[in-house]
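**Student:** Which chain is which? The protein sequence lines are A and B, in order.
Just so you know, the numbering used here puts the end of the first sequence at 115, numbered straight through with nothing missing.
Just so you know, the numbering used here puts the end of the second sequence at 1112, numbered straight through with nothing missing.
Just so you know, these hints were derived from the structure itself, not from any lab.
For each residue, glycine too, the CB sits at the ideal point set by N, CA and C.
Just to be clear, a hint being listed does not mean it is correct.
What the hints assert, rightly or not - Once the Cα atoms are required to be at most 30 Å apart in a straight line, the calculated DSBU-like pairs of lysine-lysine come out as:
(1) Lys1071(B) / Lys42(A)
(2) Lys57(A) / Lys1071(B)
(3) Lys42(A) / Lys57(A)
(4) Lys1042(B) / Lys78(A)
(5) Lys57(A) / Lys83(A)
(6) Lys42(A) / Lys1068(B)
(7) Lys1056(B) / Lys42(A)
(8) Lys1068(B) / Lys57(A)
(9) Lys57(A) / Lys1042(B)
(10) Lys83(A) / Lys1042(B)
(11) Lys1042(B) / Lys42(A)
Claimed, not checked - Only some residues are given here: those of chain B computed to face chain A with a beta carbon under 10 Å:
(12) Leu1008
(13) Leu1011
(14) Gly1041
(15) Pro1044
(16) Gln1045
(17) Phe1089
(18) Asn1099
(19) Val1101
(20) Gly1103
(21) Gly1105
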Amino acid sequence: EPEVTQTPSHQVTQMGQEVILRCVPISNHLYFYWYRQILGQKVEFLVSFYNNEISEKSEIFDDQFSVERPDGSNFTLKIRSTKLEDSAMYFCASSLSRGGVYEQYFGPGTRLTVT
Amino acid sequence: GESVGLHLPTLSVQEGDNSIINCAYSNSASDYFIWYKQESGKGPQFIIDIRSNMDKRQGQRVTVLLNKTVKHLSLQIAATQPGDSAVYFCAENGDYGQNFVFGPGTRLSVLP
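Using the sequences and the accompanying hints, generate a full structural model.
**Tutor:** Structural data, given as structure tokens:
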């Protein structure tokens, strides 16, 4: 069964450093998403991406964040200058369509620890 | 498995019993709802969805009920099994269609 993959599984970085979290969505999917889950809290939407541009973003997704689909398979989330409060699990998801079933397939997540 | 909450409401059920997990959603504009299961150390996994033009939808061993009047969603799991132990989240699509808002989650523990 096809699945969303994410690398690395765990990233430790120092405050102020840039990090890039990588995702390989399911190959025939068209919509891509990033979510985060701070320890002990609920899953929060960050951004959705379609046709090589951001379609929706939340208030969390400020200028420190960016997303990119650099090639036909990868989907990345960049945090330009990490803060302690960016420590969380980051989940990538993808879905085939938007107008019908929104079924989003989630990856296993990347745990980001900012020290 | 640190990705799930430490202070979640917990529902404990005996193996074989039915489970009912409840969720109150916040936005009356939401027209699409999903239940997710999150096992320890994994990402959320789609279980079942329902649109606002329905009040009930059944899947394999799961049923989702939607009450738009009181903005309430429930997930019923029949004959609960040990593999059902996980945190369950409801999510609503809110004002923008894809900006899914997740609920706080309920931890389901299945007792042998």
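**Student:** Now tell me, hint by hint, if it's right for this structure.
**Tutor:** Going through the hints against the structure:
This hinted pair checks out: Lys1071(B) and Lys42(A) have alpha carbons roughly 19 Å apart, not beyond 30 Å. Of the pairs offered as hints, the one joining Lys57(A) and Lys1071(B) holds, with about 25 Å between alpha carbons and a cut-off of 30 Å not exceeded. A distance of roughly 17 Å separates the Cα atoms of Lys42(A) and Lys57(A); the hinted pair therefore holds under the 30 Å criterion. The hinted pair formed by Lys1042(B) and Lys78(A) meets the criterion: a straight-line CA distance of about 22 Å does not exceed 30 Å.
Distance check on the hinted pair: Lys57(A) and Lys83(A) sit about 19 Å apart at the alpha-carbon level, within 30 Å; holds. For the proposed pair Lys42(A) and Lys1068(B), the alpha carbon gap of about 23 Å is at most 30 Å, so the pair holds. With a C-alpha separation of about 25 Å, the suggested pairing of Lys1056(B) with Lys42(A) holds against the 30 Å cut-off. About 26 Å separates the Cα atoms of Lys1068(B) and Lys57(A), which keeps this hinted pair within 30 Å; it holds.
For the hint pairing Lys57(A) with Lys1042(B), the CA-to-CA distance comes to about 24 Å; that is within 30 Å, so the pair holds. Among the hinted pairs, Lys83(A) with Lys1042(B) is consistent with the structure: their alpha-carbon atoms are about 24 Å apart, no more than 30 Å. A hinted pair counts as satisfied when its Cα atoms are at most 30 Å apart, and Lys1042(B) with Lys42(A) qualifies at roughly 14 Å. At its closest, the beta carbon of Leu1008(B) sits 9 Å from a beta carbon of chain A; the interface hint therefore holds under the 10 Å criterion.
Proximity of Leu1011(B) to chain A is violated relative to the hint, the smallest CB-CB distance being about 17 Å (cut-off 10 Å). The restraint placing Gly1041(B) at the interface with chain A holds, with a minimum CB-CB distance near 8 Å, inside the 10 Å limit. With a least beta-carbon distance of about 5 Å to chain A, the hint placing Pro1044(B) at the interface is held under the 10 Å criterion. A hinted interface residue such as Gln1045(B) counts as satisfied when its beta carbon comes closer than 10 Å to some beta carbon of chain A; here the least separation is about 7 Å, so the hint holds.
Interface hint at Phe1089(B): satisfied, since its Cβ lies 6 Å from the closest Cβ of chain A, which is below the 10 Å cut-off. Annotation: Asn1099(B) was flagged as interfacial toward chain A, and the flag holds, the nearest CB pair being 5 Å apart, inside 10 Å. The beta carbon of Val1101(B) comes within 7 Å of a beta carbon in chain A, closer than 10 Å, and the hint placing it at the interface holds. For the restraint placing Gly1103(B) at the interface with chain A, the shortest Cβ-Cβ distance is roughly 7 Å, inside the 10 Å limit, so the hint holds.
Using the Cβ-Cβ criterion of 10 Å, the hint placing Gly1105(B) at the interface with chain A is satisfied: the shortest such distance is roughly 6 Å.
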